[in-house]
Amino acid sequence: MKKKVIGLIDGQSGNIGSINKAIKDIIKGRPYQLKIIKSHFNYTSFDKIILPGQGAYATLMSNLKKLKIIQPLKKYLNNNSSYLGICVGMQILSDWGYEDKTTRGLGIISGDIKKFRNKKLIIPHMGWNTINLNKDDTIIENNFDKKDFYFVHSYIFQNIKKSDVLAFTLYGKKFPSIVKKGNIYGVQFHPEKSHKHGLNLIKNYILKS
Amino acid sequence: MLKTRIIPCLDVIKNKVVKGVNFKNIRVMGNAVEMAKYYSLSGADELCMLDINASYQNRKTFIKTVESIAKVINIPLTVGGGVSDLSDITDLLNAGADKVSINSAAVKNPKLIRQASLRHGSQCIVVAIDGKRHKNKMKVVIKGGREITKNELITWAKQVQSLGAGEILLTSMDTDGVQNGFDSNMLKKVTSNVGIPVIASGGVGSLEHFYLGHLTKSTGLLAASVFHSRKYKIKTVKKYLSSKGVPVRL
Numbered sequence: 001m002k003k004k005v006i007g008l009i010d011g012q013s014g015n016i017g018s019i020n021k022a023i024k025d026i027i028k029g030r031p032y033q034l035k036i037i038k039s040h041f042n043y044t045s046f047d048k049i050i051l052p053g054q055g056a057y058a059t060l061m062s063n064l065k066k067l068k069i070i071q072p073l074k075k076y077l078n079n080n081s082s083y084l085g086i087c088v089g090m091q092i093l094s095d096w097g098y099e100d101k102t103t104r105g106l107g108i109i110s111g112d113i114k115k116f117r118n119k120k121l122i123i124p125h126m127g128w129n130t131i132n133l134n135k136d137d138t139i140i141e142n143n144f145d146k147k148d149f150y151f152v153h154s155y156i157f158q159n160i161k162k163s164d165v166l167a168f169t170l171y172g173k174k175f176p177s178i179v180k181k182g183n184i185y186g187v188q189f190h191p192e193k194s195h196k197h198g199l200n201l202i203k204n205y206i207l208k209s
Numbered sequence: 210m211l212k213t214r215i216i217p218c219l220d221v222i223k224n225k226v227v228k229g230v231n232f233k234n235i236r237v238m239g240n241a242v243e244m245a246k247y248y249s250l251s252g253a254d255e256l257c258m259l260d261i262n263a264s265y266q267n268r269k270t271f272i273k274t275v276e277s278i279a280k281v282i283n284i285p286l287t288v289g290g291g292v293s294d295l296s297d298i299t300d301l302l303n304a305g306a307d308k309v310s311i312n313s314a315a316v317k318n319p320k321l322i323r324q325a326s327l328r329h330g331s332q333c334i335v336v337a338i339d340g341k342r343h344k345n346k347m348k349v350v351i352k353g354g355r356e357i358t359k360n361e362l363i364t365w366a367k368q369v370q371s372l373g374a375g376e377i378l379l380t381s382m383d384t385d386g387v388q389n390g391f392d393s394n395m396l397k398k399v400t401s402n403v404g405i406p407v408i409a410s411g412g413v414g415s416l417e418h419f420y421l422g423h424l425t426k427s428t429g430l431l432a433a434s435v436f437h438s439r440k441y442k443i444k445t446v447k448k449y450l451s452s453k454g455v456p457v458r459l
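Listed in order, the protein sequences are those of chains A and B. So for the first sequence, the working numbering puts the first residue at 1; every next one is plus one. So for the second sequence, the working numbering puts the first residue at 210; every next one is plus one.
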């Protein structure tokens, strides 16, 4: 049987060690192989792509450009191929990012990335918080509802269509913690740092979606 | 709702967790990797580890220990101790730390905070501040409290925030190691003057101390001895806090 190919993009935006290890543990003994994407790639040769990101929106976008990843990634996403974006890897699916400077995103899920506006909030939103499911889905079965995941971010997805929000979280107000459009997923939290529920989410994404 | 984080802290020499006051009577509490794994499995929300004797020779083993720990836990890992420049920060992040904590180096060279947060993002730069009362003022101290700096505690806390720190780890040298509770007064002064998360450190001895720590608006509560000595399990602390209405991850 032909192995499914998972691509893990190293956008030089934080450490990919934890997610790399999580994926390897999941696919061990299963018909999958993992390839690290560090430069231009053939988008038709991947079954799934995961992009973790930390730090700033503008930095990740410019890194992806510099590394010549952006063009094949856009083609891949416009094809509605399977994708999981983590934290900033989710945020860049939007139209615009407003961190540091205004930056155009990938424009896959309409909306903008803007800072938490409530002045009374402690920013960054750092720690474990609950996700509330809007609807059931393959990667987040019912038993994920009301479970805690690890967040660390100061910017959130705004002006997003309700139908693109799979789960939301409360911090001052509701914000999208999981987004989905077609086969493209984004999570605002860090599943690779979220203990067993986080690992189960990655596992469901890889094996079930 | 955001949960209050319970953070066990490992004071490490090479690959051993130790306990000792100012390098006197140092006692080995256990193997760092084993203890990290145990805490991750038993409900810690985050783990903190500090190289308390960051000499050139010990450092290599310490970094290897960070690598081994990062491989066996899947909760956030903050690493500090002996961080003096940007390359130390990069080394620790590459070894698998999620956040790096800077202490004396930030006092000596505040620009380091800005440079580090620009390069790696504020979310992974923690500034550890040791505070102590001196002549009716709260001052920043370094070298385990032996050296009092000219920095006023609150001014410094505000400054590290504006320089781009993502979080403050505040240890009161007046309460550390005594197990009479966190320094509520000092913590409240800091949390009411900054808008970034503050982790309370120094002084936990009882369950109530955790609750009092929460009341200071610190979003992380750090403890070492009560966990290493097995006086309390992390679950015990969380159940107690939950019964007092504090949001925790159970």
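Treat the hints as calculated values from the structure; they're not laboratory data. Among the clues, some could well be false.
To give an idea of the interface, some chain B residues facing chain A are shown, with a C-beta separation under 7 Å as derived from the structure [claimed, not checked]:
(1) LEU211
(2) ARG214
(3) ASP254
(4) VAL281
(5) ILE284
(6) GLY330
(7) GLY373
(8) GLY375
(9) ARG458
Derived CB-CB ranges, DEER-like [stated by the list, open to error]:
(10) ARG342(B) to LYS65(A): 32 to 42 Å
(11) ARG342(B) to ARG104(A): 49 to 59 Å
(12) GLN12(A) to ASN240(B): 25 to 35 Å
(13) SER296(B) to LYS65(A): 19 to 29 Å
(14) LYS426(B) to ASP100(A): 22 to 32 Å
(15) LYS320(B) to ASP95(A): 31 to 41 Å
(16) THR299(B) to GLN71(A): 55 to 65 Å
(17) LYS115(A) to TYR247(B): 33 to 43 Å
(18) GLU276(B) to ARG104(A): 34 to 44 Å
For glycine and all other residues, C-beta sits at the position ideal for the given N, C-alpha and C.
Verification of the supplied hints:
no.	hint	verdict
1	LEU211	holds, 5 Å
2	ARG214	holds, 5 Å
3	ASP254	holds, 6 Å
4	VAL281	violated, 10 Å
5	ILE284	holds, 6 Å
6	GLY330	holds, 3 Å
7	GLY373	violated, 11 Å
8	GLY375	holds, 6 Å
9	ARG458	holds, 4 Å
10	ARG342(B) to LYS65(A): 32 to 42 Å	violated, 52 Å
11	ARG342(B) to ARG104(A): 49 to 59 Å	holds, 52 Å
12	GLN12(A) to ASN240(B): 25 to 35 Å	holds, 34 Å
13	SER296(B) to LYS65(A): 19 to 29 Å	holds, 27 Å
14	LYS426(B) to ASP100(A): 22 to 32 Å	holds, 28 Å
15	LYS320(B) to ASP95(A): 31 to 41 Å	holds, 36 Å
16	THR299(B) to GLN71(A): 55 to 65 Å	violated, 29 Å
17	LYS115(A) to TYR247(B): 33 to 43 Å	holds, 38 Å
18	GLU276(B) to ARG104(A): 34 to 44 Å	holds, 38 Å
Violation of the numbered hints given earlier is confined to hints 4, 7, 10 and 16; the remaining hints are satisfied by the structure.
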